[in-house]
Structure formats: structure tokens, C-alpha cells
Amino acid sequence: MAGQTERVPSWLDALKREAARYGGNGKIPLRTLYIGGGTPTVLDIPQWEQLMTTIREYFDTSTIIEATCEANPNSLTPSHISFLKDNGFTRISLGVQSLIDSELETLGRLHDSVQALRAMERVKSSGLELGCDLIFAIPGQTLRTWDYSMRHVMEYASHISCYQLTLEPDAPMYSRYGGDDLNGAGYAFYRYAQYILPRHDFAQYEVSNFAPPGHECRHNISYWNHSDVIALGPSAVSYIDGVRYANPPSLDEYISGIEPSTEELSPHERAIELAILSLRTKWGISRAGLLPEIERAISDMPPDLFVITPERIALSKRGMRLGNYIWSEILFYAEH
Amino acid sequence: MNSIRNFCIIAHIDHGKSTLADRLLESTGTISSRDMKAQILDSLTLERERGITIKLVPVRMDYTAKDGRKYILNLIDTPGHVDFAYEVSRSLAACEGALLVVDATQGVEAQTVANAYQAIEQGLEILPVINKIDLPSARPDNAKQEISEVVGLDASDAVLTSAKTGEGVNDILERIVSDIPAPKGDPNAPLQALIFDSVYDNYRGVICYVRVMNGTIKAGQNIMFMSNGITYPVNEAGVFKPGFTPVKELQAGEVGYITASIKTLAEAQVGDTITDANNPASSPLPGYKKVKSVVFCGFYPVERDNYPQLRDALEKLCLNDSAVTYEPESSEAMGFGFRCGFLGLLHMDVVRERLREEYGVELVATAPNVIYEVVKQSGEIVEAHRPSDFPDASEIAEIREPYIRLSVFMPSEFTGRVMQLVQDRRGTYKSMDYITPERVRLVYEMPLSEFIVDFHDKLKSQTRGYASLDYELIGLRASELVRVDILVNGEAADAFSFICHKDQAYNRGHAAVTKLKGLIPSQLFEIPIQASIGRRVIVRVNVKALRKDVLAKCYGGDITRKRKLLEKQKEGKKRMKQIGKVSIPQEAFLAFMQADMSEK
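If you read the sequences in order, they're chains B and Z. Just add 146 to wherever you are in the first sequence, counting from 1, and you've got the working numbering. Just add 1 to wherever you are in the second sequence, counting from 1, and you've got the working numbering.
Treat the hints as calculated values from the structure; they're not laboratory data. Watch out, some of these pointers could steer you wrong.
Looking from chain B toward chain Z, a few residues come up when the C-beta cut is under 8 Å (computed) [said to hold, decoys possible]:
id, residue
1, Tyr333
2, Asn366
3, Val375
4, Ala377
5, Tyr385
6, Arg390
7, Met447
8, Arg467
9, Asn470
10, Trp473
In silico BS3-like links for lysine-lysine, alpha-carbon gap of 27 Å or less [stated by the list, open to error]:
id, chain 1, residue 1, chain 2, residue 2
11, Z, Lys71, Z, Lys249
12, Z, Lys554, B, Lys270
13, B, Lys428, Z, Lys554
Backbone N, C-alpha and C define an ideal beta-carbon position, used for all residues, glycine too.
Looking at chain Z on its own, in the form it has when it is part of the complex:
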């Protein structure tokens, strides 16, 4: 056990985590550079395309240090995005140390800090690494200063490296051996293995990535998942060599995988503890929680007939992403679909992308929303997933919505703009720190609902891409929220209702009716479109009645042409949804649902 080092890499998205990992594998001779490429591309097409590394597979490296001793280095990756904060914490829990990689040209970014704090809190040994020192614009001293200012770590002896050229990589390996403590644990105690990740394989079922804390695990052993009591006999235990390589057993301190013909990921949740069913541990490892969706949206097939295809695709997708939740939903406007829950916006995008790429499902996603908690006058508390779940305004005592603590790192010149942006979205100022004279960290608290609508894009455009952000959920807070209903020709059009803060009701109501005015075609009569809160109309616009639409000429040769034109017009009407006497094209619903409601 003394020769094992379990560590992870904490880095901002483009600070070179993958390249550094590649170098470590190469330097330890674990894999040739050619195979490396193939391996990474295979497993990460989607993430690579999006420029975001979500997760690398763990890998085990054999390393002979300068002291002549042989070591086993287990590199466990942490997801690089805030949506997966819980997964990050579980990955960290499987390690004794972390490389904190900072780009010498960029400095510390929000995400890095959040993960570094977490690692420190979990008692990991942090090894600062300054990367990209080969670049002309590299300022390693600034990076060191930022690390000590922001993260509070002594970075004076940080390793300087260039993952691109390979400079400093051997120093990193030596420091891993010398600085990161060997794992502790009792191989003879009852089994406690932490699931830090699990994936679904079509042939072998769920593969659990585990860190054995105490005891041993081997093929044939009867294991139990402590959160749900489900037991399975182990088919295979192994290590990541890379690739799945069976071993006789995994002992306390080791990192590896097990398979046990487990059918669904839901049975083997990240963070759960595996123990010996015949000799169970007295308690599970700390820190397990069931992941809860925080962002929701409706997925609808573009073609209504493709609903079963979408359902099958979601079922399959959930086999290897247990964090997605879905339940059938029907919208008058869009037919049958699903209300899906996600860990965050990126997670939502990834799922949508996977449905398209892996399952070939073309779908429409409605604008994302959060879950509200409504306290009724009677004291009863209901969860509202969509505007129609809200009780009548007179019954509502209080509405609570999820809040986040947001930290933004950026060059100081953008401070004013970013503050404006956050304040426009109901952010409450918490603190502002100059990390260096040129770089600022802003901390705000704001409603999650304001964050999920386009905030990241807006932030990026306001700061020319220089800002980075991180957030954590800090719980529910009471807000003065209202449901704004949209009436088309006096009839409520449920699909267009939305929830917002009462101070924004007018602006958003105005934006909504104006948008609809552009989407609803003129008809035989004037159509009032109103936004209302309860019975009170706050905005009204009119779609003017159609005045003239006649194609004048219609004699012998024109008749067929004319009929075809009318047929086409009629086909268009078929795809429309009637609200009262008004025909609304489906495209209008789609355009509206996908709309950015914050546009003023």
C-alpha cells in the first residue's frame, strides 16, 4: 500500500489537463502516444467536439522513481464542469492528492478555485503545477501569486511544466511520489469501497469504478450496495492499465473496477459504498447523497410521430446517465414529450446532443426552468415544475426558488459590466476581491432561474470570453414571484405562461406579447394578445386583422395554380393549433418556447 499514490488533476477547461494526463501516461510508458490519441478520441468524441472535457477514464501507471522504488500511480479524473460538482467531490474522495494545474498565461479561474477548495476541505495534498510555460506570454510568477492569493496555498515550489513540450513532467511524477501520501486503510477490515464513477456497458452491465478504502474485493464475492441493500456476486475485479485489466483482487488503497451483471446505473450510484454482503461494514463511507435534478426542460420530438423513438432513446440513455430524470408530459402545442431533469445546463446540452448523435432523435427543447416550492395559505408545500403547477394566486402564501452563490473571475476592466449583468438578473452583491491588480473575483448570490437562461453566454460576450464562473446551490429562498399568463383573443394559452419576479413581470410580459405578435399571423379579425397576472392585464398588443390577401387573376389556366396555392395554405393551417378562434402555427410555439425571455 505504501507504493500506491492516488491523485487527480484539478484544472480549468482549457488549461491543459488532457494534454498533461497524456504526457504522464507517455512518460511512465503506460501507453504510446499513438495509442493515446485513439483511446482519447474513442471515449470522448462528444466532449472533444464541445471543447469541454467532462470526464476521462481513470488510469493506472507503473512508475519507477529516482529512488529506484516502483510505484503504482492511479490518476482519477474529475469532471471539469460545475454541473457535476457532486461527482467531483466523490472523485476527490477517492484520492489522497491533487495536481492543481494553472495556465501560466491565464492565471486562476473560477472553476479551479471551487474544485481546489473542495480538495483542501477533503484533506487532499495539493501539488501546484504551472503549465504552458513554453508560451511567450507565460507569466509563471503571476500564476504562483494568484494561487497563493486566491487559493491560499504556498505555490513558491510549484512545478513549472509544459505539457506540450514535456518539460517538467518528470518533476511532477517525482513530486507525486514524494508529496502525496500513500493511502491508508485496513485490508483485513470489512469491505468498504467507494463508487466514484460508474458506466454502462452493453455487454457487461454496469461497471463500477471503485476506490477500496478497507478490506478487499474479488471475483465471486457477494457484495452489497449500502444505500439500497441490493446484492450481487462480483464477476470481475480489475484495474485500469489503461483499459480494463482483470486482477485477482483489489485491496484497501487500490483503485480499480468491478462488474457484477448490474442492470442499471440507478442500482450503483456514484458515492455509494460497496461492502461484503456476508460481512458488511458497520457504516457506509461518508458523503453519499442522491443527486437531484436542478434544471428542467421539456423534450419534444420534432415530428410528433417520433414520440416512441424519443422514449426509447431516453430509456437507453439513462442506462448510462442516472442523473437524468424524465417523465412523460404533453403539451397542447407540441404533443407528447418528456419533462427532463438535469444537473445543470451543460448536462442538459450534453444529453440533448447525445440523443441526437447517438440515437438520431431530432427534438425540440423548451426553455429550461427550475423547481419552485410553493407554500400555500393552508401551510401545505407543493413543488411546482411548470407554470401550470402553480396554485391560484389567492392560495399562495410564499414562493421559494433555488439560489446559487456565483463567483466570477475576470480582468478588472469588465467589473462594471459584469456587476450590471448580475444585478439585472436579481443578483445580490456579496464580495469583490482583487486577486492581482488586473484580476477580480466577484461573488454574488442570485436565483438559479436567472442563471440558467443564457447567463453564461451573456457573461462571455460581456467580457469577450475572459470571465470564468463557478456556482454552487445554496438552497431555497422566498421570492416575490408571479405567474404571468398570456391570453390570445381572451383565451388563456397555457403554453406561453411563465414565472418571473414581480418587478420583471411587465418587461417580460411585454417581451412575450411582442414576440407573439410577430409569430401569430394576421387573421380575419383583430387578435388582442395580453399578458396578465391573475385577472390583472399588464400589457396588451393587437395583431391587426388581415386586410387583403387576394391573388387577383383567376381564369382558365390559373385555376389549378390557384387551387394548389390554397391547398398549401390549408396544409399550413392543419399544422396550426387552435386557441379559441385563433390559429397559431406550431412554429410560433417552438420559436416562443426556445425564446430568450430576458430579451428586452
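With the rest of the complex left out, here is chain B:
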């Protein structure tokens, strides 16, 4: 919604209409709340009031154990922080990306490292939990600068997500920075993150997420557990009882009330998808009731990819690096 602030009111109306559809017959109790989509801090405080009123009108928020708001260092103001605190939010997820100015510039970010440090400082001193996103395999990035960003973020944050910069072949940066080579360059950075973060108590609890035990983002865990999720807004995807509902991606279409597209998963598909999603996490999958073809797929792969106990199967560090291969093997076995 950045640059389209004049459309916020109609978006809020549409959101309310959508919330009413879910919460029309009595309030649904929420366990976690996540306000994301990049930059919810473009809303001013009165707009935030309206948003929270909508949520409380249609959902039971008293059951919430975790409420997160995404923010960018350049748009997160002290008044946002105190509003979020006053309204029961427990975490802020901050798009830090890097603490090296040249890297932030390459990424085309609107903030610099000072703004990022300042924002982290503010969140930390507010008492809210802080999660930070970091990006690796940025052109010009070295293991030394990657180490610098991670170490400083660890001083403030209790949760770190590491994402590789992946360039699509049609992105201008793709050819400028040597495309495939760049995409292949993630290995060293990722491996280094797998090494350094756990040494500071940030355990890898999912392919791209690290946190000290007890500080994991429970909202995200619900995606990997196939829990029901209600998602509102353009391009939001809900998952309720084995059915996915995907809202139209464009703001116009969303505001005009176009219905979400649906996708219903068969029980078999659900089992496979759940296995693949659970295998993203350090807890892995339970072997009780696991499809035999999945067991077989796993036993046919090199053992160093897995951590196998009598009860559960999870990916090893190396397995986490080769997830796509492993998951597509599982899909392959599931069909044969």
C-alpha cells in the first residue's frame, strides 16, 4: 500500500467486509495474530484504531498468545510502537535485511544501517520481542559483512529469519550480477548462518528461521503444522479444514470484492504436504501414522540428510540445505 495511502480507507472497508464473512456467526477465538504484508506501518494511528476495532469486532482476541506486526526501519515510529504495545502486540518483525549501507543500497531499501539500529533499539527498549529479517547472497556481500550483520542483530533480536536473495531471470539485477552464479552463491552464507547463529543460542528451528528455544514465531509454526489460518487482505491465503482460499492479488480486485480461489487438498495430498512442511522444522514429522512411501523415500536417501529417532524424523543441517531435493523425492515416491 506504499504510495497508495489514499486508498487505505476503502481497503479498510473491504477488510471489514471480509472479516465479517468469517466472524459473522460468533467470534472465532484467535491463538496468534500477524499483521504483515510488508509495511503495515504506513497506516497512521487512527487507521490502526479502525483496523483493530474491525479485528475485535469479528474475532475473539482474548485467547491470543502471540501478536506480531511487520515493520520497516524507516516507517516504524515511536507512536506505532506504543500503540502496538497498548493493543496487546507481543512482537515486531523488522525488515532489517542488512546492517551494511552498500548492501542496503544494492537491495534498493529505503533505510540505512543507522535507521535499522535505531529501530531495533526502540523495539528492544519497549519490551516487545524483536524478530529481524536478514538477506544473504547480496551482490558484494562477503562472509565478513554477513557475520557483522548477524552479530549486531543478535544483540537486539530474539528471532532471526535468513532469506537468500533470489533473482528471477527477468529481474534487472539478475544479469547485472551474473544471475545463476549469484543464486548459487548462497551456500557459504547459509552454511555460515547455520554455524554461527546456534553458537549464540539461536537454534535453527526451520529452514530459514532461528531463535532461542521458546522464542519461535508460533504464528509461522502454525503454517507448517497445517493449523487453520484465516488471512485477510489482497493475496492473503487462508487454510481452513484442508481447503486453501487465495484472495486476488491486486488491491483493486480485492476492494471490488472478488471471491478467493479455492483449492481443496485430498487426504493423501494433505498427508504429503504436511510431511513436507513439517520437515522444514527442527521437530520434523512423527513416524506414527507416517505414510509408508514417505518412510521408504527417506530410507532410500543418504542418511546424513536426516536425524532419525524411533519417534520422529527431522532434517539434519545438511538436509535443511537440500530440502527441495528431499521433498521432491518424497513427492516422487508418494506417486509410485
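Given chain B's structure and the hints, the job is docking chain Z onto it.
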């Protein structure tokens, strides 16, 4: 019979044979220039597109000479490519004379010489014709000199002509009448007719193009093919006016066609003798032999499901090309297909093209190979068509492979490069002659297997297209050949085995494993790829294990997208072939099989 002249045209591919033939037809009023175009285009689309004339249909022309007498001129074409050497010899056998056409701007080319020699050996009267004299770069005197130097013919009275402008065409017609002898033969002797070509027609069955040597042939007559004893009653006898024009009978000395509801070309082979079943000749005409495939390759449908379509297409194609052989073959990598045999590389290309154009079959052709003869320790001799046919190395006493004698004509500046090229391919030097100070003929003997892999293209690129070549098979010779096997993760991958000379085993093995390294995607473990001779590994490379492939983000909206990505990856795996624990994409097999193994 005295008024008949049977002749052919010997010319290099682009020296203007077709144009000259057109002119002759026009000048004799056999056909108007407009019809001419249509006729030629109709029958020769494929050849025209490829820029190669394989064969023109024979034609009969009525010509009134300056002496006022009427003559019948039968023009019988010879195939313009070395693959069809046997057909050439049969066409020549149907003639008493030949026009030797040489381009005044290019001089004598290899193919021309080979065919001219053959014509001379068969006792034909050779009439040298220098064509394209209208071009500014024409050097007719040089061309004459080359003819006398290389072919050994007196070319001082060669006809100078331009098929393009028509200049000299009447002189050619007069010289055909005056120089080429009339056919000899006894119309009352038992029938002997030479099949110099045969084509398949959907409605009439096989049409045999014949030259009657002795006796007569007519509709209703019971004829017999002397090579196989099969008999048929003749439906129709006729001449090429052009187009099929029935006549009452064909007499000794005449050229024409017969139909007899013959079902397959295999029954009416080129070179065979037709005789009267009720009054057979005592012996067939000399020179018949069964054509043997010398080059082989596998044809596989691009889509595995299209195997029956490919089979039907091959069956139909063989109705009018009896020189193609095929037998079912299956490859673990590519499924069901056919191992096909051809007269040569061009023939192979033509067949592949025909399958595509005429029958709509998309196929993959594996790299061509030759037949080897393996002498076992026990003395037993086996033919090996593919690497897997080779017995265990310990059982082999000797391996023999087909050799060719190769002659290359080229401007002398390229001599060094061409010698290098031929020597790299195990060629043995035989001779080098300066035809003129600027032009050289090199003669080498080399293994056919080295020739069929890309040699012609390499020669053309080394000589900027100025070289021409000709070859003839000269038999089998013992060679120090080895079978190189490729092991993927320790497992033999049969589809990648190949035969080569032991001195090339390392280079080719290296090329093969390097190529495969690029084709086999990284997997969860390191994959050694080895080339070995028997148990001895000669080269090894490793496909490094995959290190990282994770698309990191996967939350609510990403899940469907992620699953689609994985589904796609999985579909890719489905099309892969497992060798041991290694998955190899089909594309890798295809790329490998079509690869030029000589690339270093």
C-alpha cells in the same frame, strides 16, 4: 535401333546438371519450360531443398539432327552422391555414352572423377562438356586441362556451353548423335532387361525402369526376376515421354518402364535382370549385387508413445527405398526404436528427413556407426552392430572394421589442413597429385567409422567449402579397437559405451565423461563418472554433490507456489532414467547420443 542414343550426365552437385537436362528437354521440344519447372519441383522437393540432386527421372527425347534423321535420345540420370555408387554403376550400365559436365569456374571435382572413371571402365563413350562459360570467372581452358590431367580424356574438342543461356546446347545434341554409339543387342534373343532403377507407386505397385539389352518386353508377357526367380505378368510397358507413356513393346536397345503389380521394391532390385519366364535367358546380365547397408544408427521416437507411428512410417518408406534396413531395438534410455542401416550418411539424412516430412514422425537419431567384424579366440566370427555386441575383451582375437579410399580435391593452399584432419582420423596417406598448380588431389585410406562422424562438415569448414570428396569402400581391415565403457557411480551405463581405436580411447573417454558431467545434474551424493576399457579405468571425473537448493521462504501464501515448484521438479525426475542410485535425465542421453564424440 540405330536411331537410339542412351546417355547419362555425370556432373558434380552444383555444376549445372539439372539445368542442362532442362535445356536439352526444351531444345528438343520434349517439354515446355513452364511444365519443366512443375515437373522437377514435384518429384524432387526434398532433394532441391537440400541442394542435392539424388536422381532425376529418365526421359525420352525425339530429336531431328542436322543430317535430317530422327533420333530417340534417352537421358538416364545418375545419382549425384557417393552413397549411391552402386545405383550409379547400374545407371551407367544402361547407357552407351555419358556427358561429363565440368563447371568452367570450378574445375573437376572428386565426385565427377569417380563417376567418370566408372563410366570409362564400363566402356561408355565420354563426351566432355564445359558448362557455365557465360560467367566472367569461367576458365574453360583450365577445365579442359583438368579433364585431361585427372580423368585422362582428350578434352580439346569439349563442347563449350552455358545451360543458363542455352549457348552450345544444340552442339551437345549433335555430338550425342555423332559421338555416342547406338545400342547393340538382339531383339530376337531371349529377353534380358536391366533394372537400373525402381520406384514404388501407390496405385501401380513397383515401377521398374529398364534398359532392354536383348529380346523384347510387352504387356501380358510373363517375366521373371533372375536373382530371385519371382514371376509376374507385365501390366504395362512404356517410355518416358516424359511422364509414363505406354507403348506396345520395348525392344533391345530401348529404355522404358514396366509395371506388373509388384508389391515391394525388394522383389525388383536395382541391377537385377528381367527375363521371359517362358523363354529365360541362359544367364543374367553381369554386375548385380545385393546392396548392403554400411552405416547404421538408431531411430527413436521423440515421444515414446509414438513407436507404432515410427514403425508404420518405416514400413511404408521401405516400399520405395529398399536400401534401408531396420530392425527393432530397445534402449534402456530411450525406449523402443529401430536400428536402421543405410548406404551412407546422406542416405541416412534423406531417410530421416523423409520420415519427418512425408510421415510426420519426430525422431531422435543416435550417432551413426559402422559394422565391425570380431574374430574370437575360438575362430568364430561375429558381426557387431553396437558396442554391446562385442564379446568380452579376453575372447577377442581381432577386430576388423570397414575402410574407405578417400579422395579429396581442393585448392592447394588447404593441403596441410586437410592432411592434418585426415591423419587425426587415422587416415593413411596414399598419394598427392597436383592437377594444376593450384589444385590438388589427395588420396587417403581411412576407417569408415572416422568418416561418418562429421568428417564432411569438418572438411568443408577447413577448406571454406572448396574441397570436394569421394570415397569407395575397400573392405575390412584389422584395427586395434577397444570398447570404452562408461560407469556412472560404479554402474555400467550401456547406452554410453562406444568403440574407438585404442590410441583415441583416452581422449574420447575424457570427452565422454566431461560431456556427461555437464549433463548429469548434481544429486544428494557425489557421483563418479568413469571411462574404462574392460576393468581398467582410464578417466574419472566427479559430479559434485548438490550443496544447497532450498527456496527459503515458505509461509501461508508461499505453500501452494512451493508445492507447484516441487511438483515440477518431481515431474522432471519422472522422465529420468535410474542407473543405480543416479537419476539421469532423458535429455542427457539424447544430447550424449547425438554428440560429436570426436570433439576434444
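Hint-by-hint comparison with the structure:
| no. | hint | in the structure |
| --- | --- | --- |
| 1 | Tyr333 | 4 Å, holds |
| 2 | Asn366 | 6 Å, holds |
| 3 | Val375 | 6 Å, holds |
| 4 | Ala377 | 6 Å, holds |
| 5 | Tyr385 | 7 Å, holds |
| 6 | Arg390 | 6 Å, holds |
| 7 | Met447 | 6 Å, holds |
| 8 | Arg467 | 4 Å, holds |
| 9 | Asn470 | 4 Å, holds |
| 10 | Trp473 | 5 Å, holds |
| 11 | Z:Lys71 / Z:Lys249 | 20 Å, holds |
| 12 | Z:Lys554 / B:Lys270 | 25 Å, holds |
| 13 | B:Lys428 / Z:Lys554 | 16 Å, holds |
The structure is consistent with each of the numbered hints, conforming to all of them.
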